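Asks: Sequence:
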Amino acid sequence: MDERVREHASVLVDWSARIEAGDDVVLSVGPEAHDLAVAVAEELGERGANLLTTYGSGEVTRAYLQAHDGDFDEDPEYERRLYEEADVVLSIGGGRNTAAMADVPSETRQAYRTARSGVREARYDTRWVSTVHPTRSLAQQAGMAYEEYQDFAYDAILRDWEALAEEMAKMKDVLDAGSEVRLVKEGTDLTMSIEGRTAVNSAASVAYDSHNLPSGEVFTAPYDTEGTVTFDVPMTIDGEAVRDVRLEFEAGEVVDHEAAQGEDVLTDILETDEGARRLGELGIGMNRGIDRFTDSILFDEKMGDTVHLAVGRAYDACLPEGQTGNESAVHTDMITDMSEESRLEVDGEVIQRNGTFRWERET
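By our numbering, the letter at position 47 of the sequence shown is numbered 47, and the numbering carries on one by one without gaps.
Read the hints as simulated data drawn from the structure, not as lab findings.
Since this is a predicted model, take the numbers as computed values, not measurements.
Each statement offered as a hint is correct.
Pairwise CB distance ranges, derived in the manner of DEER restraints: (1) 271 with 147: 36 to 44 Å; (2) 147 with 253: 43 to 51 Å; (3) 53 with 224: 37 to 45 Å; (4) 323 with 14: 28 to 36 Å; (5) 196 with 248: 20 to 28 Å.
For every residue, glycine included, the Cβ atom is placed at its ideal position computed from N, Cα and C.
Build the full structure now, drawing on both the sequences and the hints.
Replies: See below:
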């Protein structure tokens, strides 16, 4: 086994999920993630955790959704109880086909997501962490040789996370003290309120309210969004290519949208429910170990020189205690490249220009 696989497992179990003896762990394993699952299972056994393994396959889910009549039971108790009783949920992605769900009708996907909102919330109440095992399908989607993609993925995953957390704390402090964020670049002039919200220093650990490995972003939950934003980083959503998205906001809500490719996919997302037309997240990428776009949101949104916004659900970690943020069955991220002719302002002060943060210019 590649030693980097074992290191990945150790980071996931210790740094990211903070597994302790006696923890009840659900481990969801993708079809091509066998090696990482074996390494994780060994780490869990050494720590005296309890393990239940499930199989997470896009092709299996596609077969089920294609055959179903679309009238899904709401929050099946057996599935909800699984997560309610779990301490930790680890999801290891790694499928055979990144577009396995492409031909599932959008209305079926929406109905399935909506019916399982309670299940999803129960999972979010655990110390959940999602990661991926580098696979040939992901390498192909990224346009990279498999060995090249492995090197890329581990450069992003096997970081000095404590050092990166210290670096990202500077951005968190700016957002926590701020009231308004403005993004400006060609095709984009967008303002968002962040007054009263808490930014998350997403350093790939539940100790930081962070649930992705790799991570490397600082995010918060904006509201009262006004203006226009363009997303020029290619992405795949529900197995379909989406390119050059433009959203126009008034009074916090998307009032107009278009895309050069995949506009129907975007429309379906925005029509999922009332909350799907409002922002749930503003994220600022700070992981310099990610140096190219790969058409994988897990990596691309963390890349330095990027900002991403998500329509749909807001994360509770960004909200004052007892306050409810934007609610939706979806949380769909879209990315804009901030490396050239751009600026990110907080309360009128330029924090990032052309991808370079203020403190990077000062050193």
